[in-house]
Structures are given as structure tokens and as C-alpha cells.
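Asker: First to last, the sequence lines map onto chains A and B.
Okay, so the first sequence: first residue is 1221 according to the numbering used here, each after it adds one.
Okay, so the second sequence: first residue is 79 according to the numbering used here, each after it adds one.
Read the hints as simulated data drawn from the structure, not as lab findings.
Beta carbons: idealized from backbone N, C-alpha and C, even for Gly.
Misleading hints may appear alongside valid ones.
Claimed, not checked - Far from chain A, by Cβ distances over 10 Å, these chain B residues were calculated:
hint : residue
1    : Ala95
2    : Leu134
3    : Gln160
4    : Ala165
To be verified - Below, in silico cross-link-like pairs of lysine to aspartate or glutamate (DMTMM-like), each with a Cα-Cα straight-line distance of 20 Å or less:
hint : chain 1 : residue 1 : chain 2 : residue 2
5    : B       : Lys127    : A       : Glu1326
6    : B       : Lys127    : A       : Glu1264
7    : B       : Lys139    : A       : Glu1264
8    : B       : Lys127    : B       : Glu98
9    : B       : Lys136    : A       : Glu1272
10   : B       : Lys136    : B       : Glu166
Claimed, not checked - The calculated label-pair distances, taken between Cβ atoms and stated as ranges, are:
hint : chain 1 : residue 1 : chain 2 : residue 2 : range
11   : A       : Glu1305   : B       : Phe190    : 37 to 45 Å
12   : A       : Lys1277   : B       : Lys192    : 41 to 49 Å
13   : A       : Thr1338   : B       : Glu93     : 41 to 49 Å
14   : A       : Asp1238   : B       : Gly107    : 38 to 46 Å
15   : A       : Ser1282   : B       : Lys149    : 35 to 43 Å
16   : A       : Ser1227   : B       : Ser162    : 24 to 32 Å
17   : A       : Lys1277   : B       : Gln123    : 23 to 31 Å
18   : A       : Pro1290   : B       : Thr108    : 31 to 39 Å
19   : A       : Glu1288   : B       : Ser81     : 43 to 51 Å
20   : B       : Asp132    : A       : Glu1305   : 22 to 30 Å
21   : B       : Ser96     : A       : Leu1259   : 37 to 45 Å
22   : B       : Gly107    : A       : Arg1235   : 36 to 44 Å
23   : B       : Ser83     : A       : Leu1259   : 16 to 24 Å
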Amino acid sequence: GAGVSQSPRYKVAKRGQDVALRCDPISGHVSLFWYQQALGQGPEFLTYFQNEAQLDKSGLPSDRFFAERPEGSVSTLKIQRTQQEDSAVYLCASSFGTSGGRSSYEQYFGPGTRLTVT
Amino acid sequence: AQSVSQHNHHVILSEAASLELGCNYSYGGTVNLFWYVQYPGQHLQLLLKYFSGDPLVKGIKGFEAEFIKSKFSFNLRKPSVQWSDTAEYFCAVNAIGTGGFKTIFGAGTRLFVKA
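Turn these sequences into a full structure, and let the hints guide you.
Answerer: Right, dumping it as C-alpha cells:
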């Protein structure tokens, strides 16, 4: 399809397990964002890529969280040694334009991965 | 730190009623402003955006928002809601020139429109 896709859609992990969440952005989109959305809250910024460069990772909550986008297309968010507080929906968004500037851009969101840590 | 505040978490309206959802942000510099909507079972999608120019912005489905810089506000309005407007609405801010690239979202407002 033409939209942002994420996999898996649902993931149940035992506490302490590592997980990897995948995002396929819209082809040609320069920017890629990861967000964490807890129940009843808005999306919370985790990290931002411009092509393969991770320009902002200020939102990653701990060093257990790691994201990469090695070829400037598909991105993976990895969470090591998952904890119960990591349970949330993880959203990926991509954009043709770049963030942080005055040029207009629009983020296109994927369906999210719902992570439940038991 | 930048933050976005949405005043109402839940709003219930009858069809044809007027809608105004409040959004305030805390950042003294230049901002890009957004409203996103999530319809039941669907992805977040852009409703409208403000980058510069006319502070009254028109979006899809008859929605509009007004940027009032002096009040740090970007309220969403629609003169007459429809049942199909039932959704969750998120205000978001991207602060320019901070050296970061994050977009900050509010907690969202759930709108339920009674037919």
C-alpha cells in the first residue's frame, strides 16, 4: 500500500525480553519519527531521523531503547529488557519534508504496534 | 520544556452544534502548529496546520483553527458538527530553532457527537 506500515501490529512480551518493532515509511519520505502513546495520552516523541541520520533522540526514555534507519528507509525500534512501563502503542510517522524548519510538512502515521509487557 | 495543553478531555455534542476545542502551548519562540484527528479504528491523520501567514487556517471537513500568538493558543472550531466527526483530536506543536525536531502532542480530546 501507499501508507506507513508497521509490524507487528500486536506484541506481547514477557518482562525482560527484547523486542523489535518495524516501520516501513512512505517511499521517498525523508523524515521518520517514532512516538510512544500510553493509554489515554497523546503521542510522546521518542526520536527523529532525517534519511539515515538520527538527529534527535532526546525522547528515548532510557538506554534500553534504540532506533535505527540504516539505509534511510525502513526503521526499527528496539527495546531491550522490556519492563511493564514500556507497555504502550508505538507509532511511526514519516514526512516528505524535514522537521525543525519553516518549510511545510505533514506527518503520515502508521497504525501503530501495541506492545504489552507481562 | 515545551508543553501542549488541551482543556477538555471529553466533549459530547448534538449534531449541528458548534465546536471549539481549546489548545494552549508553552514556548515563546516561533512554532509550527497542527491539529490531528483519529477516527475510530483509523490512523492519526492531519486535520490542519499553521506554519506562517494568515493565522486563521482552514482544514478538511469544514474545520478551522485560529493562531493567537499573544495567547499562545491554537483553538479548533467547526460551526456545525456531524455524527461522523466523532473522533479523538490532538493539538501538536513543533518549536522552531530549539535545535530539536520533536513535535509535542497534547493529551487529546475525545469528541462524541450524538445523532
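Asker: With reference to the structure, classify each hint as holding or not holding.
Answerer: The hints, checked one at a time:
1. Ala95: At roughly 24 Å from the nearest Cβ of chain A, Ala95(B) sits farther out than 10 Å, so the non-interface label holds.
2. Leu134: 17 Å, holds
3. Gln160: 23 Å, holds
4. Ala165: 14 Å, holds
5. Lys127(B) / Glu1326(A): 8 Å, holds
6. Lys127(B) / Glu1264(A): Status holds; Cα separation ~19 Å.
7. Lys139(B) / Glu1264(A): It is violated: about 26 Å lies between the C-alpha atoms, which goes past 20 Å.
8. Lys127(B) / Glu98(B): 16 Å, holds
9. Lys136(B) / Glu1272(A): 34 Å, violated
10. Lys136(B) / Glu166(B): 19 Å, holds
11. Glu1305(A) / Phe190(B): 37 to 45 Å: 30 Å, violated
12. Lys1277(A) / Lys192(B): 41 to 49 Å: 44 Å, holds
13. Thr1338(A) / Glu93(B): 41 to 49 Å: 42 Å, holds
14. Asp1238(A) / Gly107(B): 38 to 46 Å: 39 Å Cβ-Cβ, so the 38 to 46 Å window holds.
15. Ser1282(A) / Lys149(B): 35 to 43 Å: For Lys149(B) against Ser1282(A), whose Cβ atoms are near 36 Å apart, the range 35 to 43 Å holds.
16. Ser1227(A) / Ser162(B): 24 to 32 Å: 30 Å, holds
17. Lys1277(A) / Gln123(B): 23 to 31 Å: The hint (23 to 31 Å, Cβ to Cβ) holds, given that Lys1277(A) and Gln123(B) are roughly 26 Å apart.
18. Pro1290(A) / Thr108(B): 31 to 39 Å: About 33 Å separates the Cβ atoms of Pro1290(A) and Thr108(B), which means 31 to 39 Å holds.
19. Glu1288(A) / Ser81(B): 43 to 51 Å: 29 Å, violated
20. Asp132(B) / Glu1305(A): 22 to 30 Å: 43 Å Cβ-Cβ, so the 22 to 30 Å window is violated.
21. Ser96(B) / Leu1259(A): 37 to 45 Å: Between Ser96(B) and Leu1259(A), where Cβ atoms are some 30 Å apart, the hint is violated.
22. Gly107(B) / Arg1235(A): 36 to 44 Å: Holds - the Cβ-Cβ distance for Gly107(B) and Arg1235(A), about 41 Å, lies within 36 to 44 Å.
23. Ser83(B) / Leu1259(A): 16 to 24 Å: 19 Å, holds
Comparing the model with each earlier hint shows violations of hints 7, 9, 11, 19, 20, 21; every other hint is respected.
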